[in-house]
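Number of protein chains: 2
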Amino acid sequence: MADNAEVPLKKAEKQAKQAAEKAAKAAKQAALPVVGGKKSEDIIGMTVTKVDNFSAWYQEVVIKAEMIEYYNEIAGFFILRPTSMFIWAEIRKWFQERIELMGVEETSFPMFLSAKSLEKEKDHVEGFAPELAWFTCPYLHSGDKDLEVPVAVRPTSEAVMYPYYSKWIRSHRDLPFRLNQWNSVVRWEAKQTTPFLRAREFLWQEGHTAHLTEELAGVEVLEILELYAGVYEQLLAVPVVRGRKTEKEKFAGGYYTTTVEGYIPSNGRGIQGGTSHCLGQNFSKMFDIKIEDPNPKDGEKAKHLHVWQNSWGLSTRVIGVMVMIHGDDKGLVLPPRIAKLQAIIIPVGINKNTSPEDKKKHYDDLQDIKDTLKKAGVRSDYDIRDGYTPGWKFSDWELKGVPLRLEYGPKDAAQKVISFARRDTGEKGTIDIASLSTEIPTLLEKIQSDMYIKAEASFRAHRINITNWEEVVPSLDAKNVVLIPHCLAEKCEDKIKDLTAGKADEQEGPAELKAPSMGMKSLCIPFEQPAGIEKGVTKCLNPECGALAEQWCMFGRSY
Amino acid sequence: MADNAEVPLKKAEKQAKQAAEKAAKAAKQAALPVVGGKKSEDIIGMTVTKVDNFSAWYQEVVIKAEMIEYYNEIAGFFILRPTSMFIWAEIRKWFQERIELMGVEETSFPMFLSAKSLEKEKDHVEGFAPELAWFTCPYLHSGDKDLEVPVAVRPTSEAVMYPYYSKWIRSHRDLPFRLNQWNSVVRWEAKQTTPFLRAREFLWQEGHTAHLTEELAGVEVLEILELYAGVYEQLLAVPVVRGRKTEKEKFAGGYYTTTVEGYIPSNGRGIQGGTSHCLGQNFSKMFDIKIEDPNPKDGEKAKHLHVWQNSWGLSTRVIGVMVMIHGDDKGLVLPPRIAKLQAIIIPVGINKNTSPEDKKKHYDDLQDIKDTLKKAGVRSDYDIRDGYTPGWKFSDWELKGVPLRLEYGPKDAAQKVISFARRDTGEKGTIDIASLSTEIPTLLEKIQSDMYIKAEASFRAHRINITNWEEVVPSLDAKNVVLIPHCLAEKCEDKIKDLTAGKADEQEGPAELKAPSMGMKSLCIPFEQPAGIEKGVTKCLNPECGALAEQWCMFGRSY
Numbered sequence: 009m010a011d012n013a014e015v016p017l018k019k020a021e022k023q024a025k026q027a028a029e030k031a032a033k034a035a036k037q038a039a040l041p042v043v044g045g046k047k048s049e050d051i052i053g054m055t056v057t058k059v060d061n062f063s064a065w066y067q068e069v070v071i072k073a074e075m076i077e078y079y080n081e082i083a084g085f086f087i088l089r090p091t092s093m094f095i096w097a098e099i100r101k102w103f104q105e106r107i108e109l110m111g112v113e114e115t116s117f118p119m120f121l122s123a124k125s126l127e128k129e130k131d132h133v134e135g136f137a138p139e140l141a142w143f144t145c146p147y148l149h150s151g152d153k154d155l156e157v158p159v160a161v162r163p164t165s166e167a168v169m170y171p172y173y174s175k176w177i178r179s180h181r182d183l184p185f186r187l188n189q190w191n192s193v194v195r196w197e198a199k200q201t202t203p204f205l206r207a208r209e210f211l212w213q214e215g216h217t218a219h220l221t222e223e224l225a226g227v228e229v230l231e232i233l234e235l236y237a238g239v240y241e242q243l244l245a246v247p248v249v250r251g252r253k254t255e256k257e258k259f260a261g262g263y264y265t266t267t268v269e270g271y272i273p274s275n276g277r278g279i280q281g282g283t284s285h286c287l288g289q290n291f292s293k294m295f296d297i298k299i300e301d302p303n304p305k306d307g308e309k310a311k312h313l314h315v316w317q318n319s320w321g322l323s324t325r326v327i328g329v330m331v332m333i334h335g336d337d338k339g340l341v342l343p344p345r346i347a348k349l350q351a352i353i354i355p356v357g358i359n360k361n362t363s364p365e366d367k368k369k370h371y372d373d374l375q376d377i378k379d380t381l382k383k384a385g386v387r388s389d390y391d392i393r394d395g396y397t398p399g400w401k402f403s404d405w406e407l408k409g410v411p412l413r414l415e416y417g418p419k420d421a422a423q424k425v426i427s428f429a430r431r432d433t434g435e436k437g438t439i440d441i442a443s444l445s446t447e448i449p450t451l452l453e454k455i456q457s458d459m460y461i462k463a464e465a466s467f468r469a470h471r472i473n474i475t476n477w478e479e480v481v482p483s484l485d486a487k488n489v490v491l492i493p494h495c496l497a498e499k500c501e502d503k504i505k506d507l508t509a510g511k512a513d514e515q516e517g518p519a520e521l522k523a524p525s526m527g528m529k530s531l532c533i534p535f536e537q538p539a540g541i542e543k544g545v546t547k548c549l550n551p552e553c554g555a556l557a558e559q560w561c562m563f564g565r566s567y
Numbered sequence: 009m010a011d012n013a014e015v016p017l018k019k020a021e022k023q024a025k026q027a028a029e030k031a032a033k034a035a036k037q038a039a040l041p042v043v044g045g046k047k048s049e050d051i052i053g054m055t056v057t058k059v060d061n062f063s064a065w066y067q068e069v070v071i072k073a074e075m076i077e078y079y080n081e082i083a084g085f086f087i088l089r090p091t092s093m094f095i096w097a098e099i100r101k102w103f104q105e106r107i108e109l110m111g112v113e114e115t116s117f118p119m120f121l122s123a124k125s126l127e128k129e130k131d132h133v134e135g136f137a138p139e140l141a142w143f144t145c146p147y148l149h150s151g152d153k154d155l156e157v158p159v160a161v162r163p164t165s166e167a168v169m170y171p172y173y174s175k176w177i178r179s180h181r182d183l184p185f186r187l188n189q190w191n192s193v194v195r196w197e198a199k200q201t202t203p204f205l206r207a208r209e210f211l212w213q214e215g216h217t218a219h220l221t222e223e224l225a226g227v228e229v230l231e232i233l234e235l236y237a238g239v240y241e242q243l244l245a246v247p248v249v250r251g252r253k254t255e256k257e258k259f260a261g262g263y264y265t266t267t268v269e270g271y272i273p274s275n276g277r278g279i280q281g282g283t284s285h286c287l288g289q290n291f292s293k294m295f296d297i298k299i300e301d302p303n304p305k306d307g308e309k310a311k312h313l314h315v316w317q318n319s320w321g322l323s324t325r326v327i328g329v330m331v332m333i334h335g336d337d338k339g340l341v342l343p344p345r346i347a348k349l350q351a352i353i354i355p356v357g358i359n360k361n362t363s364p365e366d367k368k369k370h371y372d373d374l375q376d377i378k379d380t381l382k383k384a385g386v387r388s389d390y391d392i393r394d395g396y397t398p399g400w401k402f403s404d405w406e407l408k409g410v411p412l413r414l415e416y417g418p419k420d421a422a423q424k425v426i427s428f429a430r431r432d433t434g435e436k437g438t439i440d441i442a443s444l445s446t447e448i449p450t451l452l453e454k455i456q457s458d459m460y461i462k463a464e465a466s467f468r469a470h471r472i473n474i475t476n477w478e479e480v481v482p483s484l485d486a487k488n489v490v491l492i493p494h495c496l497a498e499k500c501e502d503k504i505k506d507l508t509a510g511k512a513d514e515q516e517g518p519a520e521l522k523a524p525s526m527g528m529k530s531l532c533i534p535f536e537q538p539a540g541i542e543k544g545v546t547k548c549l550n551p552e553c554g555a556l557a558e559q560w561c562m563f564g565r566s567y
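Sequences listed follow chains A and B, in order.
When you read off a place in the first sequence, starting at 1, and then add 8, the result is the number in my numbering.
When you read off a place in the second sequence, starting at 1, and then add 8, the result is the number in my numbering.
Keep in mind that a hint or two might mislead.
You can't tell identical chains apart in this list, so a pair holds if it fits in one copy or across any two.
Said to hold, decoys possible - Below are the DSS-like pairs computed for lysine-lysine, each with C-alpha atoms no more than 27 Å apart in a straight line:
no.	residue 1	residue 2
1	309	419
2	101	383
3	367	382
4	360	305
5	348	175
6	378	101
For the record, the hints were derived by calculation from the structure and aren't laboratory data.
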């Protein structure tokens, strides 16, 4: 930081102190969602720390960094503000470009589903029934005579789309058949809702494809999973573990489910990041989606073959995971690639004694710097709001997670440099004005990469291979997820959940993991398997199981 | 077309004839929307002409060109297929890029609105009440105890968004405040629905902005209107007239409405293309969106000022207008800029006598041509489906509206040329293979421009300035819209509608304009005013009015 920032900083400190006092008063209110038409802007800055009360911290950061507004009209709904929508738009562009290359086309199906068609399917397939629980939510009735049957808003679109797949897919030439839509879906969750992670309406993409063979379907499942991993790793700087869901945790109507699983260090919980399902032929049989065998056996008549289907979805949940992992006690920390504003330029050392001419000259420089950065592909702006000290501005942009702060004062100008402060590490330094257009993009990429490396190291350190059952619960309590040799049986998973759940009064540790502590669930069977399972010898780690272990399975307390 | 295409063409003609016979049989069915799980692919090609039955033609073209599928579950809903979604995605990219430069940010508000909040507004403002008629549509009820109030799906988001504007806009520094969202809205239309033009759910963007002054708001209203005109003119090759709506036709809750108006030559009807509203201070007073006056009068305390608001929306309707204007009896005709596939390459002259080596060499050429075109930024593909004659393929791609057909046979190969046929005019010719990468993009731009010029000439020829009342109805019957000197009074418009409506048995002309013929409505007051109105002298053209004319107003039968 440039020396000439010191004077205004002292003022800023005073102001920040006053703000902190004000904020402390409002702390109770801040820990709650903003309610009604009530104005919340008089509470400045974060009032809760990440360690003290993680869930209140999260709630506060998504509101104060202006990512989310609670929708007062109906519980469980959220407004996504521009900071969030910019991230979603970047993800959309990145993903859309890649699935287009794969030959996936865009479609848009209606948001409503008639209750009649739901009942039809209910009768048909037992395995699909659990998914239909989603539909026990909002039903529409209309004053219009036209509408004789009640309809529901889609919770996902399998039942909306597949009747038409049966109509459109008539020959092997129509395969692979791949459609995707970007929309919002409604799931009337009974559980506590959380911004991004669990909302009653959320934005997502849902891809629905059909293939000639299991193998071809399988290739796509993994291609898409790799794109989901790419969204996390390359855009959001969030590490994930790729793997398959167990039978218990897979998509109920499908054949198998692959997943990317994330990890929240603050509470040691796993979180499902995005799933790519192979549906097998379950739905194609249900909806009669078939073609004539293009390669009939010699001398035999061509049979009808049911197609192999996939479905895959990624939602705005990804944004919440990113916030939880990177945010700190000053607020949001955004990875540069998805930050709407990557660098904020703040003038310092401009005060009452600065002549109007000098001030103008200085502000012209800011514009030049911004122009230079724009040409270099950097999204930047300067903050010349009157009536705010540099220190106040520093805090404000830190709260909002801007990856890089650039300070520019008369002394910087004299030395032809600009001072910088990284949001992620707080590291400071100077850069020659002449080399801004190369140095700043490099620095932003360094921030992006360092954020990923840090998060990856944290996840790696908290993913513990365990071969002694006694170590499982202590390891969970130490905020780890665990890999254990497992038989992969559903019943055994249920038992493991029971065995690892604790009663509140037995537990130590942070309040939020008490009351009572959560049992662990299987997160996935990682594709990358550690060594150590000897087929036919190694047993399932569950002491009450006794079966042989099939694979290492990742378990954890989870969202 | 290359000579060597002749042989397969004869086969193709035979096949096409058979197809036509088959199609004729199915004609009755084709004129109806596809119903239920019924397969429609055995009806090949168009069975209705644009002149004979325009509305059946339209219905058939949007289905057979695979733009739309009727949603059988619920009347008035449509599935948008990839051809349509590609167009919408191109429009979205084009428009989004431009509003971002204006500083408009993206947001996403919930789809539901509580009935309670609707009632509150109902009490507040009479002027807004007519819009609330939209809300007498679907109401949600839930088994969930959480949901105590019924909610509606948004028909537009003023009432959803503006309570938050009042929270977020606190100072003149927050202005201009500009948000836009891309979503779908639901209006439970009682009228007959039509694909794209009137659907119960449709995709659109809705922009909602706030400004310090009327003047600043007004500048944006016109900037956006110009972008809407650009979508039509530059992307869809559709001419529009820019103008202001009359008091009778403006957005009920607003201050004034600007509009781009289109024209459908086949039935002479006008169609509203997109509207950009200045809401004035009506909503800001209703929702209490205000700031402190940044320029208080000397010695006076700063007053609170209500902001000036705009809202503006463009929907998938634009696609329907484009189809109606450019389509012909062979099917869809797409302007190149929004065609997913701009050029289709069809091998010709390949038959039983062609050696496998020659065939392979020929098909390799097709790939080279496609690669060349891709590098030149042309979206192309080749059609090497076995078992289809070139002629059948020609018809198929004509039906789907691909702007340019490229035919490539052995004779073309020998001469190092490719033969082309334009979809819009049928014009044929050849291009040297060596100059494909410059000639094809140029030709596509020529097609784009010619399509616009043709449509523009048609609209211009059917926009008649009339100063003799007796000529009005004959002019409408001749499929014109008319500009007349008008007093702009609401009452007079009602009267004009009555006076120009005819009873079915009095009318000549196509069946669809009978039963009974529609009275004319005001479409807009064009910004470009013809000469001839003498202030204080020229009278309103309505013979029963007697008031003075204010401006030329464009009237027409309309959608």
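Verification of the hints:
1. 309 x 419: neither (86 Å within a copy, 40 Å between copies)
2. 101 x 383: both (21 Å within a copy, 21 Å between copies)
3. 367 x 382: So residue 367 and residue 382 pass the 27 Å test inside one copy only (23 Å; across, 52 Å).
4. 360 x 305: between (90 Å within a copy, 26 Å between copies)
5. 348 x 175: between (43 Å within a copy, 22 Å between copies)
6. 378 x 101: So residue 378 and residue 101 pass the 27 Å test inside a copy (25 Å) and across (25 Å) alike.
Comparing the model with each numbered hint stated earlier shows that hint 1 is the single one that does not hold.
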